[in-house]
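Can you build the whole structure from these sequences, using the hints too?
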Amino acid sequence: MPQTIEFTVNGKAVSVALENEETPLLNVLRNELGLMGTRFGCGLEQCGCCMVLIDGAPEKCCAKPMWSVAGKSVTTIEGLGSPAQPHPLQQAFLDEQAGQCGYCLSGIIVSAKALLDKNPSPTRAEIAAALDGNICRCGSHNRILRAVEKAAAAMRMGAPS
Amino acid sequence: MNAPLPGPLADNPRLDRWVAFPAPGQVTILTGRVEIGQGVLTAMAQIAADELDVALARIVIHSGDTEATPNEGYTAGSQSIQFGGVALRQACADVRALFLERAAQALGCGADELTVHDGQIHRNGAPTGHDYWSLAGAVNLAVPASGAGKRKAVSQFKIIGDSTARLDLPDKIFGAPTFIHDMKLDGMLHARVVRQPNRGASIAAIDEAAIKRAAKGRIEFVRTGDFLAVVGDDETAVELAGAAAVNHVAWQNVEAPAASQQEANWLLQRPAIDRPFGAPPADSQGKERFEATYTRGYLAHASISPSCGLALYKDGQLTVWTHCQGVFPLRAALARELGIAADKIAVHHVQGSGCYGHNGADDAAADAAIIALQKPGVPVRVRWRREEEFVYEPKTPAMVVKVRALVDEAGKPADWTQEIWSPTHNLRPGAGGNLLGALALPNPPAAPPPNDVPEANGGGSTRNAEPLYAIPAKRILHHLVTETPVRTSALRGLGAMPNVFALECAIDELAERAGADPVAYRLSITADKRARAVIEKAAAMASWDAQAPAGTGIGRGIAFARYKNKAAYSAVVVELSVDEEIRLRHVWCATDAGLVVNPDGVINQLEGGIIQSASWVLKEQVRFDGGVASFDWETYPVLKFSEVPEIDIALINTRDEVPLGVGEVTAGPTAAAIGNAVSHALGARIRDLPLTRERVMAALLKD
Chain A
1 MPQTIEFTVN GKAVSVALEN EETPLLNVLR NELGLMGTRF GCGLEQCGCC MVLIDGAPEK
61 CCAKPMWSVA GKSVTTIEGL GSPAQPHPLQ QAFLDEQAGQ CGYCLSGIIV SAKALLDKNP
121 SPTRAEIAAA LDGNICRCGS HNRILRAVEK AAAAMRMGAP S
Chain B
1 MNAPLPGPLA DNPRLDRWVA FPAPGQVTIL TGRVEIGQGV LTAMAQIAAD ELDVALARIV
61 IHSGDTEATP NEGYTAGSQS IQFGGVALRQ ACADVRALFL ERAAQALGCG ADELTVHDGQ
121 IHRNGAPTGH DYWSLAGAVN LAVPASGAGK RKAVSQFKII GDSTARLDLP DKIFGAPTFI
181 HDMKLDGMLH ARVVRQPNRG ASIAAIDEAA IKRAAKGRIE FVRTGDFLAV VGDDETAVEL
241 AGAAAVNHVA WQNVEAPAAS QQEANWLLQR PAIDRPFGAP PADSQGKERF EATYTRGYLA
301 HASISPSCGL ALYKDGQLTV WTHCQGVFPL RAALARELGI AADKIAVHHV QGSGCYGHNG
361 ADDAAADAAI IALQKPGVPV RVRWRREEEF VYEPKTPAMV VKVRALVDEA GKPADWTQEI
421 WSPTHNLRPG AGGNLLGALA LPNPPAAPPP NDVPEANGGG STRNAEPLYA IPAKRILHHL
481 VTETPVRTSA LRGLGAMPNV FALECAIDEL AERAGADPVA YRLSITADKR ARAVIEKAAA
541 MASWDAQAPA GTGIGRGIAF ARYKNKAAYS AVVVELSVDE EIRLRHVWCA TDAGLVVNPD
601 GVINQLEGGI IQSASWVLKE QVRFDGGVAS FDWETYPVLK FSEVPEIDIA LINTRDEVPL
661 GVGEVTAGPT AAAIGNAVSH ALGARIRDLP LTRERVMAAL LKD
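Each protein sequence line maps, in turn, to chains A and B. If you use my numbering, the first sequence corresponds to residues 1 to 161, in order. If you use my numbering, the second sequence corresponds to residues 1 to 703, in order.
Check the hints yourself; a few may be wrong.
Claimed, not checked - Some, not all, of what chain A presents toward chain B, calculated at C-beta under 8 Å:
| hint | residue |
| --- | --- |
| 1 | Asn-20 |
| 2 | Met-36 |
| 3 | Phe-40 |
| 4 | Leu-44 |
| 5 | Leu-115 |
| 6 | Lys-118 |
| 7 | Asn-119 |
| 8 | Gly-139 |
| 9 | His-141 |
| 10 | Leu-145 |
Because the hints were derived from the structure by calculation, they are not lab data. We put the CB at the ideal spot given by N, CA and C, even for glycine.
Structure (structure tokens):
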């Protein structure tokens with residue numbers, strides 16, 4: 001018997017029927033809901049490609065069982081902004097050309113949002129520490145750090161987020 | 001008489017393989033080069049927009065497609081802009097000339113009276129009413145390039161040389177479906193391969209019931225020979241089954257790499273083919289001898305995403321989607337190893353994560369193809385598991401590099417020998433390398449004969465083994481080791497990193513013996529002006545201080561290379577501190593890459609090369625322990641955000657020189673500059689990579 005699990009994604013109530021309640025949230029986002037922005041990197045909660053916010057807290061979702069998400073509110077990269085209305089972080093990543101292959105960026109931007117929600121004026125070292133759970137293999141680190149600093153400054157100046 | 005066509009254009013002369021005008025206002029540019037995270041497609045769009053005189057926004061790039069694009073072999077070796085870019089420039093110049101000729105006919109004037117402004121053809125500064133799109137029906141591009149179109153002079157460039165924003169980044173920043181991993185085909189099945197541990201291993205038993213129980217959902221088995229896969233429509237069930245199968249399939253004839261094979265020195269006693277290059281053996285009479293041996297272990301590409309491939313076999317036609325670096329060589333290998341005519345195979349490139357060399361991409365595509373052949377009419381998507389990627393991707397080989405120099409009375413090298421023990425750096429499918437899945441099929445393909453990248457292409461194990469310095473006699477002796485514990489192939493820079501690490505550390509050791517400053521010593525043996533310029537610039541950027549004492553725990557080091565001794569020049573200065581651990585503080589880099597199409601893109605690549613090389617040098621080595629024991633990000637850690645240094649980069653302005661690729665140029669100089677800075681900080685030399693805490697402690701104790 002499939003189990004129905006209800007939760008919220010990017011502000012919208014969703015309901016999924018699953019044979020296996022242990023199905024990772026990542027697979028539901030990608031395969032059931034068509035939200036491809038959250039990427040698979042390792043399935044081991046090590047690399048951060050699959051970072052989402054669950055009730056506002058940053059969480060890797062590649063091994064997050066669906067039963068644990070019931071009733072919770074999930075925010076993915078698609079929920080942050082759009083090309084027409086970018087989140088200040090997304091705008092800053094564009095401005096700084098902060099990326100190479102870009103596979104890690106969704107998770108990094110979500111981690112950075114969680115940091116800025118908590119600490120609007122982080123130091124460079126605090127940003128780096130907050131992103132240590134995300135791996136970037138191409139070496140875009142310094143651009144990414146600059147982009148987060150820039151977004152933080154924009155948000156302190158009142159940029160809508 | 002026109003100049004000879006640039007190589008890729010001579011190989012693919014039909015202009016409609018490069019440029020098309022599919023609809024009013026639109027330009028399609030076709031290129032055999034593919035996006036692997038390096039931003040090449042943005043650079044290609046800039047090149048085409050400039051040579052055609054159209055706005056960048058009009059251009060759509062179509063890349064890496066056996067059915068449409070030119071065959072440019074592999075996107076590798078930092079050659080895309082240098083060769084592919086020049087070919088595209090000439091193709092666009094020829095196309096532009098054909099359109100101007102046609103417009104001149106219609107207008108009854110000379111083509112030299114006409115100019116192009118965003119695709120509109122003007123005469124005497126006024127629109128003629130003709131444009132690329134209105135004339136597209138009247139100009140036949142299904143003709144060979146003539147080379148008659150005049151490429152723009154550097155002074156005429158408007159878009160080339162501009163730091164245009166990457167065209168592919170917005171999708172990645174907003175989380176749009178971008179990657180091959182995001183592709184979905186109607187009726188697609190997911191698949192995981194139960195990997196054959198090694199060539200010749202065969203399946204002894206499969207506990208199907210245990211695997212099905214673990215799947216907690218519907219899966220089925222696909223088997224041909226010893227190639228086994230689990231497939232199904234629920235990715236979660238397939239993933240669980242794939243992971244469980246590792247423990248529920250028994251294999252016989254298993255060979256597993258042992259811990260004793262992990263270090264580079266293991267290679268010294270193995271069978272090898274000797275490959276000497278350069279000067280005859282030296283007469284050492286009357287000269288001081290210098291000898292030092294440097295090593296580097298096996299490295300993984302460790303792309304952030306595991307490899308992925310899709311395939312569909314329908315009506316005798318095999319269609320494959322892949323993120324590999326060469327769709328045409330993959331097509332040839334699929335034909336050869338799966339026994340299908342090449343003209344029945346189409347291979348399409350779709351972006352994957354950052355690539356850095358021959359990783360699992362070709363093999364994942366072959367896996368999908370093998371399964372698709374067993375399930376005609378059904379699209380199949382294979383995604384490797386993280387562990388599978390680490391264990392089965394080709395590794396860059398361990399290397400031992402011994403430098404022997406004879407030193408003259410002035411303390412300068414008079415004779416240089418670089419002796420190398422290394423397995424091949426090229427088992428790509430295009431070099432005869434096997435597709436991993438094919439080894440498990442009935443009648444597996446034979447292993448290719450031992451080989452390495454030809455010297456004309458920059459060499460593999462020998463890459464950058466010859467110093468660029470003014471040394472009267474230089475030679476290389478490569479022992480091509482033919483027995484390896486794991487499959488080895490190309491990683492960013494191939495042999496350049498260990499070779500430059502060895503030779504640039506040796507140069508510092510010679511400078512120290514001569515009582516000379518490392519920068520001054522290098523300049524005293526450097527004749528090449530462009531080499532001198534990057535060394536001087538990097539030293540100036542870092543406010544290099546010749547008097548800084550050694551052994552204080554804070555160190556600075558410099559190193560230099562010209563990639564392959566014929567491409568871009570780069571000098572790197574590193575400042576770091578060493579206590580229990582090595583901590584990078586600052587890196588300064590000066591690079592001369594000739595004409596730069598996109599300065600910010602080049603700086604981005606240089607930064608990436610520096611950070612990746614720093615990660616290799618400080619942290620990375622593939623471990624063996626009755627198998628590959630580096631199988632995830634905890635057992636194969638890479639540099640983290642909090643460990644990355646400040647980086648300053650300067651590009652030397654040499655716009656009139658040919659453009660030179662930059663993806664790989666910093667790999668060697670960064671490694672050696674770190675090695676030299678650690679030696680300066682400790683007052684003791686470490687010659688083995690990675691520079692682990694244990695090696696730092698041992699170096700201190702030895703002193």
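Each hint, compared with the structure:
1. Hint on A:Asn-20 holds. Least Cβ distance to chain B is approximately 4 Å, under the 8 Å limit.
2. Taken as an interface hint, A:Met-36 checks out: its beta carbon lies about 4 Å from the nearest beta carbon of chain B, inside 8 Å.
3. At about 6 Å, the closest approach between the beta carbon of A:Phe-40 and any beta carbon in chain B falls short of 8 Å, and the interface hint on this residue holds.
4. A hinted interface residue such as A:Leu-44 counts as satisfied when its beta carbon comes closer than 8 Å to some beta carbon of chain B; here the least separation is about 6 Å, so the hint holds.
5. With a least beta-carbon distance of about 12 Å to chain B, the hint placing A:Leu-115 at the interface is violated under the 8 Å criterion.
6. A least Cβ separation of about 17 Å between A:Lys-118 and chain B goes past the 8 Å threshold, and the interface hint is therefore violated.
7. Hint status for A:Asn-119: violated, given a least beta-carbon distance of 16 Å to chain B, over 8 Å.
8. Among the interface hints, the one on A:Gly-139 holds; its C-beta lies about 3 Å from the nearest C-beta in chain B, closer than the 8 Å criterion.
9. The closest approach between the C-beta of A:His-141 and any C-beta of chain B is roughly 4 Å, which is under the 8 Å cut-off, so the hint is satisfied.
10. Annotation: interface hint on A:Leu-145 holds; nearest CB of chain B at approximately 7 Å, less than 8 Å.
In the structure shown, a violation is registered for the earlier hints numbered 5, 6 and 7, in ascending order.
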